[in-house]
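> Per my numbering, numbering of the sequence shown is gapless, rising by one per residue and ending at 1415.
To be clear, the hints were calculated from the coordinates, so they are not data collected in a lab. A hint or two may mislead.
[Unchecked claim] Using C-beta positions, here's what the derived DEER-type ranges look like:
1) V1340 to S948: 17 to 27 Å
2) Y968 to H1154: 38 to 48 Å
3) I897 to N842: 18 to 28 Å
4) K1256 to T1164: 44 to 54 Å
5) Q895 to Q1088: 19 to 29 Å
6) Y1085 to Y968: 18 to 28 Å
For clarity, every value in this text was computed on a predicted model and none was experimentally measured. Idealized CB from N, CA, C, for every residue including glycine.
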Amino acid sequence: MNRLFKFSLALMILTLLQPCRAQKGTPVENWNYPNTAKGTQTDTYFGVTVADPYRWLEDDRSPETEQWVKSQNELTYDYLNQIPYRETLKKRLAALWNYEKISAPFKKGKYTYFYKNDGLQNQSVLYRQLGDNTPEVFLNPNTFSVDGTTSLGNVSFTQDGNLLAYSISEGGSDWRKVIIMDVASQKILEDTLVDVKFSGMAWRGNEGFYYSSYEKPKGSELSAKTDQHKLYFHRLGTSQKEDQVVFGDQFKRRYVGGYLTEDEKFLVVSAANSTSGNELYVKDLSASDAPFVPILKDFDTDTSILDHQDGKFFLVTNMNAPNKRVVWVDVKNPSPENWKDLIPETEHVLNIGTGSGFFYAEYMIDAISQVKQYDYKGQLIREIQLPGIGSIDGLGGEREDEVLYYSFTNYITPGTLYAFHPKTGESVLYNAPKIDFNPNDFETHQVFYTSADGTKIPMIITYKKGLVMNGNNPTILYGYGGFNISLTPSFSVPNIVWMEQGGIYAVANLRGGGEYGKKWHDAGTQLQKQNVFDDFIAAGEYLIQNKYTSSDYLAIRGGSNGGLLVGAVMTQRPDLMKVALPAVGVLDMLRYHTFTAGAGWAYDYGTSEQSKEMFEYLKAYSPVHNVKAGVNYPATLVTTADHDDRVVPAHSFKFISELQAKDGGKNPVLIRIETNAGHGAGTPISKSIEQYADIFAFTLWNMGVR
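Produce the entire structure from the sequences given, and follow the hints as far as they go.
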């Protein structure tokens, strides 16, 4: 694309998308929504009867649901097709996305491997390189399916690099297939393993590997409940039906994972019934009949083994340390009363990695990365100087690695790779992406605002330099607020395109996340979940009060647990925003735990069957149950996928049905249902471009931007 054309395209976009206050909203009196039948299904909780008229939409493979999906998509795309600048947005997204992306290299056996995407390839390609020879394609997932919807998942090499096990996902599903390959010849060995879910692959020598899965559920593979996770050992040369259950046969655990210490002397098993808190067991692999030794037999903490060396285990834990600490213990007596601090807890949350014989402690300071290097005696070697204010990913590897790699990013810096030399502490630029935008044209800063109960909440706001704060700027407020997940600064092509149009992008670090440790997480769970919604509402009010935007130009967005956030806030404060964008959301809080592995989310949410108090609390904010007749709801575009087997699409189907039946205003309330796609992982770039173009076009059009 030549410079003149790029300039003309950018000018055309900016001209088309200037706010036009005379054309507010979409002048449609009555929406001809598809007819969604109402059933008579009711459920009784603690003596309270609750109607569930759209229960039939939970049958994700029925002809009736299939026809309903088709009708909803026809209406949505008819609407989107009328927005004149939708295609222009799509072209700009594609143009900006079209740059080479390279991952950090890693060495296995005699080869060095790395992932590369030439620009608009639907899936990144795994390359290998022998010495200084020209890199060659090793695994190209773009050839796995015609439409790019089959993605490459985990890859696991044997220690000598001679064998590989890799997983693939079809249509975005969490259910995976595992394929075994001879690396030298690239020949596929034996039959493909099937029905593997929430699993890595951990080789034991070259004889086989450990993996995790559930028994095949009865009913729909997409929505049926999966409750008992098990760890298996697959011995090379045998069929999958002969695979031995190593852990989880005797008792029910929803999540079981197994991994080996780097020296392959110990098998470590983490077992949990929820997304927070785990048991921890180890097995000495030098003795064939060695039992599993419990290190932790409760679910009160999050603990894992980092390494084994010289008869010591090194662990990271939040036991008696909400912000985490590193401890060591003798392998012969590994119970907690024998733990000794190696890197004590600080006031900042700790994430830890190992490589080249050192620990790399990444601390979050108001969601910003700081990294310190320690030796195995707990002595501070140095603070690693980062390229700027932002987030890093990486600084991990094997003990023999002489160079480690990390990626640095923030909201206006594409992921940039650095080579780190542990002995000297020097970071050297390894790869900087060449992308068609100038980060100096944008600015990003952090603010702190006050939530309803007086808690200070951080928020990072990014926009194009020179933007006038007059309350008329289209703004997307993004949040998550759950599952101990931290939103740290990261680069996104769609966000840059949004800001190029004069938009503001704001990210609030809500309670329920992990930005300030376990206490911050717990403050947004179960009977304190309303704190998360209050934090998000207060973020919107801050942006309005400080003239970044106004209710006429504010959109709220979030996915998964963030989709719940958007659904709850738009039903509690429909006046706050002009547009609501809940994506793959958990929206039926009374029944979420009855699908797939949803019961494992109870630490954050509680369940409707737990107690009367918990039922009443959930019902009070559950988006599906709090849509009220006659209310003028914001323009809403619900997004989901027909193969989402984590947050099943029935959540979104029910929510949009309630909105379409009860909305009392003139704003469109629509649903966009991606076909042959899942919860988000492995989504082809082509589908991502289309989705973001639709979301931005819908948002700007309903803000009156012409």
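> All hints are to be evaluated individually against the structure, with a verdict given for each.
Verification of the hints:
In this structure the supplied range 17 to 27 Å is violated for V1340 paired with S948, their Cβ-Cβ distance being about 58 Å. Under the hint 38 to 48 Å, the C-beta atoms of Y968 and H1154, about 40 Å apart, fit the expected range. Remark: the range hint 18 to 28 Å for I897 to N842 is upheld by a beta-carbon distance near 24 Å. Range check, K1256 to T1164: about 24 Å between beta-carbon atoms, so the 44 to 54 Å window is missed.
For the pair Q895 and Q1088, the supplied restraint of 19 to 29 Å is violated, since their beta-carbon distance comes to about 45 Å. Taking 18 to 28 Å as the suggested C-beta distance range, the pair Y1085 and Y968 conforms, at roughly 20 Å.
In the structure shown, a violation is registered for the earlier hints numbered 1, 4, 5, in ascending order.
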